[in-house]
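Given the sequences, and given the hints that come with them, work out the whole structure.
Chains A, B and C are the protein sequences, given in the same order.
So for the first sequence, the working numbering puts the first residue at 22; every next one is plus one.
So for the second sequence, the working numbering puts the first residue at 22; every next one is plus one.
So for the third sequence, the working numbering puts the first residue at 22; every next one is plus one.
All clues given are correct.
With a straight-line Cα cutoff of 16 angstroms, these simulated EDC-like cross-link-like pairs (lysine to aspartate or glutamate) come out:
hint: 1; chain 1: B; residue 1: Lys129; chain 2: B; residue 2: Asp75
hint: 2; chain 1: C; residue 1: Lys214; chain 2: C; residue 2: Glu169
hint: 3; chain 1: C; residue 1: Lys212; chain 2: C; residue 2: Glu169
hint: 4; chain 1: C; residue 1: Lys48; chain 2: A; residue 2: Glu161
hint: 5; chain 1: A; residue 1: Lys214; chain 2: A; residue 2: Glu169
hint: 6; chain 1: B; residue 1: Lys214; chain 2: B; residue 2: Glu169
hint: 7; chain 1: A; residue 1: Lys129; chain 2: A; residue 2: Asp75
hint: 8; chain 1: A; residue 1: Lys48; chain 2: B; residue 2: Glu161
hint: 9; chain 1: B; residue 1: Lys48; chain 2: C; residue 2: Glu161
Just so you know, the hints here were simulated from the structure itself, not pulled from any lab data.
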Amino acid sequence: MPSFVTILDFVGTFAFAISGIRLASAKRFDWFGAYVVGLATAIGGGTIRDLLLDVTPTWMTNPMYLICTALAMFFVILFGKYVIRLNHTFFLFDTIGLALFTIVGFSKAYALGYPFWIAIIMGSITGAAGGVLRDIFINEIPLIFRKEIYAMACVIGGLVYWICLVSDMDSVLSQIIGGITVFITRILAVKYKITLPILKGDSENP
Amino acid sequence: MPSFVTILDFVGTFAFAISGIRLASAKRFDWFGAYVVGLATAIGGGTIRDLLLDVTPTWMTNPMYLICTALAMFFVILFGKYVIRLNHTFFLFDTIGLALFTIVGFSKAYALGYPFWIAIIMGSITGAAGGVLRDIFINEIPLIFRKEIYAMACVIGGLVYWICLVSDMDSVLSQIIGGITVFITRILAVKYKITLPILKGDSENP
Amino acid sequence: MPSFVTILDFVGTFAFAISGIRLASAKRFDWFGAYVVGLATAIGGGTIRDLLLDVTPTWMTNPMYLICTALAMFFVILFGKYVIRLNHTFFLFDTIGLALFTIVGFSKAYALGYPFWIAIIMGSITGAAGGVLRDIFINEIPLIFRKEIYAMACVIGGLVYWICLVSDMDSVLSQIIGGITVFITRILAVKYKITLPILKGDSENP
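What follows is the structure in structure tokens.
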């Protein structure tokens with residue numbers, strides 16, 4: 022029986038893949054292109070993390086991620102017209118994925134003995150770098166550099182997770198609190214349109 | 022005396038480098054920029070593969086790839102005007118490169134003990150990821166996500182190669198059959214303009 | 022007491038980060054986006070080098086690079102309007118960074134036993150690849166593929182450094198001569214607007 026975390030991992034991967042496939046379809050990519058962009062969105066963050074940590078990328082140890090992206094692909098092909106109406110559902114899934122990926126990424130680095138600030142960065146990369154890769158593939162400026170708080174939710178959640186850990190809190194409880202922090206930060210940011218300030222350095226003279 | 026495979030490798034590298042250099046020249050890159058884009062097109066796929074497999078990138082073990090790209094560069098500088106007329110020749114070279122790179126990439130992963138689906142992906146990355154890198158460098162949407170069947174030819178060839186291997190066919194014969202499959206799939210796709218369907222998810226609302 | 026090289030490293034990182042942050046601000050990135058682009062500019066080259074050499078990326082061994090980028094960020098936020106007037110100062114800093122990063126990258130590869138041509142490439146990647154990453158993030162064609170001699174200064178400096186080394190010159194002296202070569206090449210290139218030729222392959226038929 023798959024564990025709860027495995028189910029969440031599947032939900033997150035599915036939602037991330039859908040986000041990549043939808044944006045690829047808006048650019049009129051073919052099925053192959055859409056699949057690759059969906060896959061990159063879903064596994065890109067974890068792959069960059071694993072290259073930096075010098076371990077085998079997770080997706081190379083389990084075909085689940087490829088299969089899950091294929092399912093997301095069929096889903097968009099079959100229900101493309103209805104996917105728009107499910108925006109709220111996908112936003113929820115995407116946020117679950119973001120929270121889970123952040124905690125998984127943090128835990129992996131921390132378990133390898135890296136200090137907390139590396140773990141926070143690895144959590145954020147796991148959660149947010151797939152979306153950057155997606156936007157590079159579709160030739161757009163990465164959304165997370167300009168929209169509401171997204172990767173900052175990973176940083177905050179990672180920080181809370183670490184504070185729980187050094188307070189000798191139970192490991193599983195710490196993970197849950199860290200993940201919920203990412204989730205709530207992101208939900209609040211979207212609900213109240215909380216954005217970071219735009220940097221006004223010398224935009225008049227780029 | 023260089024082996025047949027070494028010659029094919031040189032031909033493929035040369036053709037891939039030419040493809041990068043030509044597109045860079047269309048964007049008015051300088052010599053250095055064109056060389057880098059040519060090199061990235063030729064060795065980019067193999068480098069991404071080797072980073073994922075955690076082995077030393079092939080181009081770092083043999084200066085042949087840098088020299089071959091330099092030759093491609095001089096070729097375009099000297100014969101730029103005539104290169105256009107050689108479109109058919111380069112298409113042939115490019116397809117030979119695609120077939121060879123796919124088989125090399127598959128074999129490398131398979132020899133390291135990875136399962137067939139990883140080997141197929143590594144073959145496809147070796148064949149097609151250099152072109153994606155090239156298109157990112159020249160700031161265009163990657164061509165292979167939208168044009169005729171290209172990376173899919175790598176997937177199909179890899180699959181055929183694997184079927185040959187598990188059928189206890191001779192290793193060299195399997196490689197040849199796999200490579201020819203890539204070659205023919207690509208040739209047929211271009212000749213008959215075979216494309217994958219465009220994904221129509223929600224392009225009206227991107 | 023920090024050594025002279027540590028101070029130069031800080032200066033170079035600061036200047037590279039400023040360059041990324043300024044370009045991000047011109048694209049109206051938020052604080053987070055600008056920080057990430059600044060960081061990628063500063064540490065991107067070294068990270069790609071370390072992934073290729075299969076060693077732990079330098080920035081993961083010392084939080085100095087993250088802190089230095091944060092300082093660059095605060096600097097732009099506070100003194101944004103005046104940063105423009107400091108163009109000459111930043112050009113100087115950026116060139117110091119380029120020279121230092123080139124020598125550091127060359128030395129790292131050479132100390133690991135790689136041949137001189139790999140070391141030259143690693144020096145150039147350390148110096149110039151961060152800027153390529155920056156331009157990909159802000160969705161522009163990489164500047165170094167088209168503007169005055171930049172990465173070529175790294176190649177020339179690396180070559181001179183290597184010639185010094187094989188001439189049995191003192192190691193520190195070789196580094197200084199190599200670094201000064203990068204510095205002067207770049208300064209002269211900008212002062213006299215020295216550019217590499219534009220490649221005219223078949224731009225009329227891209």
